[in-house]
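> Sequence:
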Amino acid sequence: WRLERARADSVPAYVVFTALNENRIALTDTVTVSPAAFATPGKSGSRMYLEPGRAVNVDQLLRGMLTVSASDAAVALAEHSAGSVDAFVDRMNAEVRRLGMANTHFANPTGQSDAQNYSSAEDMAILARRLLTDFPQHAPLFAQREFAYNNVSQANRNRLLWTDSHVDGMKTGQLSAAGWSVVATTARAQGEGERSFQRRLIAVVLGAPSFLSLLVPLMAVVLLVLLVYGQTVTRRARLPWAAAVVQAIP
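Anchor point for the sequence shown: position 126 equals 126 in this note's numbering, and the numbering is continuous, going up by one each time.
What the hints contain is simulated information worked out from the structure, not anything from laboratory work. Cβ atoms here follow ideal geometry from the backbone N, Cα and C, with glycine treated the same way. Do not rely on the hints blindly, as some may be mistaken.
What follows is a list of derived Cβ distance ranges for each label pair [what the hints assert, rightly or not]:
hint	residue 1	residue 2	range
1	D134	G83	19 to 29 Å
2	S196	A148	33 to 43 Å
3	T133	Q190	11 to 21 Å
4	G42	Q190	43 to 53 Å
Assemble the whole structure, with the sequences as input and the hints as a guide.
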């Protein structure tokens, strides 16, 4: 099952993180805000309140995009890292295919309503896992609770970050055509001593009725119940430890 007109927020993050890893761009790069980036959110879209012609660095843009789903930041990052929005969207869809997200396609980097923006819960879980495993150095960005820029302070829409200290991401989104969506991640310590490890879970909800976004605390509780359930009832198996021989093959 796939969700039409899905939010795109996490895919641009993967593309930008890749550009950073390949040293094509840097967090300290200065970006001059284009008129297109300034105008992108429209009257009601999420934004970090960029101003045309003003300089802002990549780190600020990333935090704006990931903390408050700033569409103006997404366009500025797309233009800076790929040269144009169209080229950036091509990179988004190339990564989607490479990661095996078979039910996902995007038409823009902002997640603004478009029939060619679609995804599935399974694909969003694949992406969340790859973001955390491929770019662990950037994972703290998804746990940032507040973001301030241009004298405007905004809170992360993921209320789970305030509900449970083990929750460390990842993204929320809302569109009138797509409803309310969230990808939540959590990690809890398991075991003791040298056999301790972190059990990480990912919960995805796509396409919840938009009116439920008004009941964010209730939805946060529902997601938290899912995550806690997963942490407590996931089947445990005893595995051999490092250097243990499982089976000798002739």
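> Each hint should be assessed against the structure and marked as holding or not.
Checked hints:
1. D134 <-> G83: 19 to 29 Å: holds (23 Å)
2. S196 <-> A148: 33 to 43 Å: The hinted range 33 to 43 Å holds for S196 and A148, with Cβ atoms some 37 Å apart.
3. T133 <-> Q190: 11 to 21 Å: For T133 and Q190 the Cβ distance comes to about 18 Å; the hint holds.
4. G42 <-> Q190: 43 to 53 Å: holds (45 Å)
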